[in-house]
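*Asks:* If you're matching them up, the sequences are chains A and B in order.
Just so we're aligned: the first sequence equals residues 2 to 382 in the working numbering.
Just so we're aligned: the second sequence equals residues 2 to 382 in the working numbering.
Rather than coming from a laboratory, the hints here were simulated on the basis of the structure.
You can take every hint at face value.
Because identical chains share one entry, a pair is satisfied inside a single copy or across any pair of copies.
Quick list of in silico lysine-lysine cross-link-like pairs, DSBU-like style, CA-CA up to 35 Å:
| hint | residue 1 | residue 2 |
| --- | --- | --- |
| 1 | Lys240 | Lys81 |
| 2 | Lys293 | Lys81 |
| 3 | Lys290 | Lys102 |
| 4 | Lys323 | Lys178 |
| 5 | Lys102 | Lys293 |
| 6 | Lys122 | Lys293 |
| 7 | Lys67 | Lys290 |
| 8 | Lys106 | Lys323 |
| 9 | Lys323 | Lys122 |
| 10 | Lys290 | Lys370 |
| 11 | Lys102 | Lys323 |
| 12 | Lys67 | Lys323 |
| 13 | Lys290 | Lys323 |
| 14 | Lys178 | Lys290 |
| 15 | Lys178 | Lys10 |
Source: prediction; values computed, not measured.
Protein chains: 2
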Amino acid sequence: MPGTFQINKTSGLSRLGKFTTSNGSFETPNFMPVGTRGSVKGVDIERLAEAGAQIMLVNTYHLWLKPTAPIVRGLGGIHKFTGWQGPILSDSGGFQVFSLKSIRKISEEGVEFRSHIDGAKCFLSPEISIQTQEELGVDIAMVLDECPAGGCDFGYFERSLAMTQRWAARSLAARRKETTSIFGITQGGSHRELRTRAAQEIGALDFDGVAIGGLSVGEPKSEMYEVLSYHPQQLPAAKIRYLMGVGTPEDIVEAVRNGVDLFDCVMPTRAGRFGRAFINADEPTLNIKNSKNQNDTAPLDQNCSCLACRHHSRGYLHHLFKVGEMLGPQLLSIHNLTHYLSLMRSIREALAEDRFEALYREIQSRWAKVEEIGELGGVNG
Amino acid sequence: MPGTFQINKTSGLSRLGKFTTSNGSFETPNFMPVGTRGSVKGVDIERLAEAGAQIMLVNTYHLWLKPTAPIVRGLGGIHKFTGWQGPILSDSGGFQVFSLKSIRKISEEGVEFRSHIDGAKCFLSPEISIQTQEELGVDIAMVLDECPAGGCDFGYFERSLAMTQRWAARSLAARRKETTSIFGITQGGSHRELRTRAAQEIGALDFDGVAIGGLSVGEPKSEMYEVLSYHPQQLPAAKIRYLMGVGTPEDIVEAVRNGVDLFDCVMPTRAGRFGRAFINADEPTLNIKNSKNQNDTAPLDQNCSCLACRHHSRGYLHHLFKVGEMLGPQLLSIHNLTHYLSLMRSIREALAEDRFEALYREIQSRWAKVEEIGELGGVNG
Chain A
2 MPGTFQINKT
12 SGLSRLGKFT
22 TSNGSFETPN
32 FMPVGTRGSV
42 KGVDIERLAE
52 AGAQIMLVNT
62 YHLWLKPTAP
72 IVRGLGGIHK
82 FTGWQGPILS
92 DSGGFQVFSL
102 KSIRKISEEG
112 VEFRSHIDGA
122 KCFLSPEISI
132 QTQEELGVDI
142 AMVLDECPAG
152 GCDFGYFERS
162 LAMTQRWAAR
172 SLAARRKETT
182 SIFGITQGGS
192 HRELRTRAAQ
202 EIGALDFDGV
212 AIGGLSVGEP
222 KSEMYEVLSY
232 HPQQLPAAKI
242 RYLMGVGTPE
252 DIVEAVRNGV
262 DLFDCVMPTR
272 AGRFGRAFIN
282 ADEPTLNIKN
292 SKNQNDTAPL
302 DQNCSCLACR
312 HHSRGYLHHL
322 FKVGEMLGPQ
332 LLSIHNLTHY
342 LSLMRSIREA
352 LAEDRFEALY
362 REIQSRWAKV
372 EEIGELGGVN
382 G
Chain B
2 MPGTFQINKT
12 SGLSRLGKFT
22 TSNGSFETPN
32 FMPVGTRGSV
42 KGVDIERLAE
52 AGAQIMLVNT
62 YHLWLKPTAP
72 IVRGLGGIHK
82 FTGWQGPILS
92 DSGGFQVFSL
102 KSIRKISEEG
112 VEFRSHIDGA
122 KCFLSPEISI
132 QTQEELGVDI
142 AMVLDECPAG
152 GCDFGYFERS
162 LAMTQRWAAR
172 SLAARRKETT
182 SIFGITQGGS
192 HRELRTRAAQ
202 EIGALDFDGV
212 AIGGLSVGEP
222 KSEMYEVLSY
232 HPQQLPAAKI
242 RYLMGVGTPE
252 DIVEAVRNGV
262 DLFDCVMPTR
272 AGRFGRAFIN
282 ADEPTLNIKN
292 SKNQNDTAPL
302 DQNCSCLACR
312 HHSRGYLHHL
322 FKVGEMLGPQ
332 LLSIHNLTHY
342 LSLMRSIREA
352 LAEDRFEALY
362 REIQSRWAKV
372 EEIGELGGVN
382 G
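Next up, chain A with everything else stripped away, as it sits in the complex (with noise of 0.2 Å):
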């Protein structure tokens, strides 16, 4: 039945499910790819399923200037658009309203801003967002939230919180959709305070699935791993567990340790269109531009079998960066994904062999030494 989330194994904190929806299940932990504008940037729908992806996210907030979620249902729902056929999430919009930086008014009412496209004068409700999303035609609608900035004090956090809070049961209420699967979302900044009572107040409405917001957006890690020390495990238990545009391999492994399901990130497609690799190495990443990879004939990654390393050399790669090939980006991009989606496999397995501890320190260890996240990119786009 859409909407169900089966727990087939508890390992510590961490768990091993499957979540179901209309178009097909998909198993957990799992990451999902971002396809922005209903496309993940240079990588086609095949070579997504080749790379492992069970299910696809698309930002709201785009779709809905464009083509506009009519042309979308016009053209056959998001899953006819995109042909992908697999499960598809949607964000609600809201994390790419509120970091616009043109003017906008939050009211209890919803949110007022500015197209980046046109300047055209928009409109969003935590009801506008739902109707957009059922319209897509997506199997899980994200709940509009207001994500504050870190510099915001306790007290700005704490009203933030309630609206959203109300927001959510206003979500829940525009559901028209039965197939729509819904998930809420859990704010609060690293207040754990906040925090505490988000979980309890989000866990207490019925919704499909409960997301951790507002975390990676800037924060020091060590406040991040903070909340995921506590925060994941005041959220329902039988209930999936997303945490929403995170992040490293490192991050991943840490809140799948703490009891998270579900992943997003753009850093594999971005880094990949930058010319970073993600490899199973001492050094887990390779900066494909560096001259040494220039006369380098092995493959970015030994044991992977995606399309880059069946077929090309790291200084092959490496041309292609230097003189511009757009081929280059398409290529990385590819290998990144499918590094992403078999980490998620390999902790799946280690999970269901007792073995996801080992895991979890050697992924640690390797990325213990790597300082440099924020060239990596960001949640946003």
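Model the placement of chain B on the given structure of chain A, informed by the hints.
*Replies:* Then chain B, alone, in the frame of chain A:
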């Protein structure tokens, strides 16, 4: 044996054949996708094979300057470098050099020019060109020739042709690798007397194939068709005939009808990147950016089985171009290459089944209305 051209059937002036190289053979008539810098823009080698490509072309000029021939050789040669295991033909580098606006001096010895990358002084001669192509490790190398601008007078054409002829003999003498086939090139613009002389002189040398150069370089189509009406049949009947840098489907069937066996052109990929699709319809091309495609649920071409047509509507492809997603150019490039290579297969099947004349008339009548060749992209790059 490498360099063998086997003609299996003739039909009028047209021929059905097979050319063999050290890295496999290709059927003729055929079309070579252009992998300028060692990559067909936006199209990975598995998609290239899926589109039906049997041979790929690379540009010596570009690879010579970057990454340089020694680096390609160090990475295992052009086949390992690109990952394309089938036949590869390279041009001589001359066409790009003679197109450069930077200072250059043409002498009997060769041509002096400045690199478009860093302005460095470079020198290309018939011997250096062959040596470079052999170092790249291509299956078929082209001789260095001068392709005079259309505006030159008869005297210039005549002197240029005489030098190109001496360069041809020097190119053959420069060959060091038995496995590298070398094709001569005829020039002479639209001058019948010069074309005839070129055919005799190039035909008399021990080339593995003969190319027709200096067409589709800005002259009126009627002039090119006039040359096609007598020139291909002046070339040695037993050798493969390659019309360089041509062209539209209309040009290709015209040339096949006059005995040409092999083609290359950037048109399918360049047009694809700009949103122009080739289709089997009364209007043989379509501008996907046109707003009439916005709500169209039909694929580009009902009878096409390419990646784009398997999964995507015109409405979705229109959207990708409107929002600038790189997947749009990728999908249209794949579609257009599939269209071209399917056309070549149709031509071969029609020749085999004695119905080429009907196919020729069908393509000619569709294209008779098209006036916008310029927009589809020229021969270079």
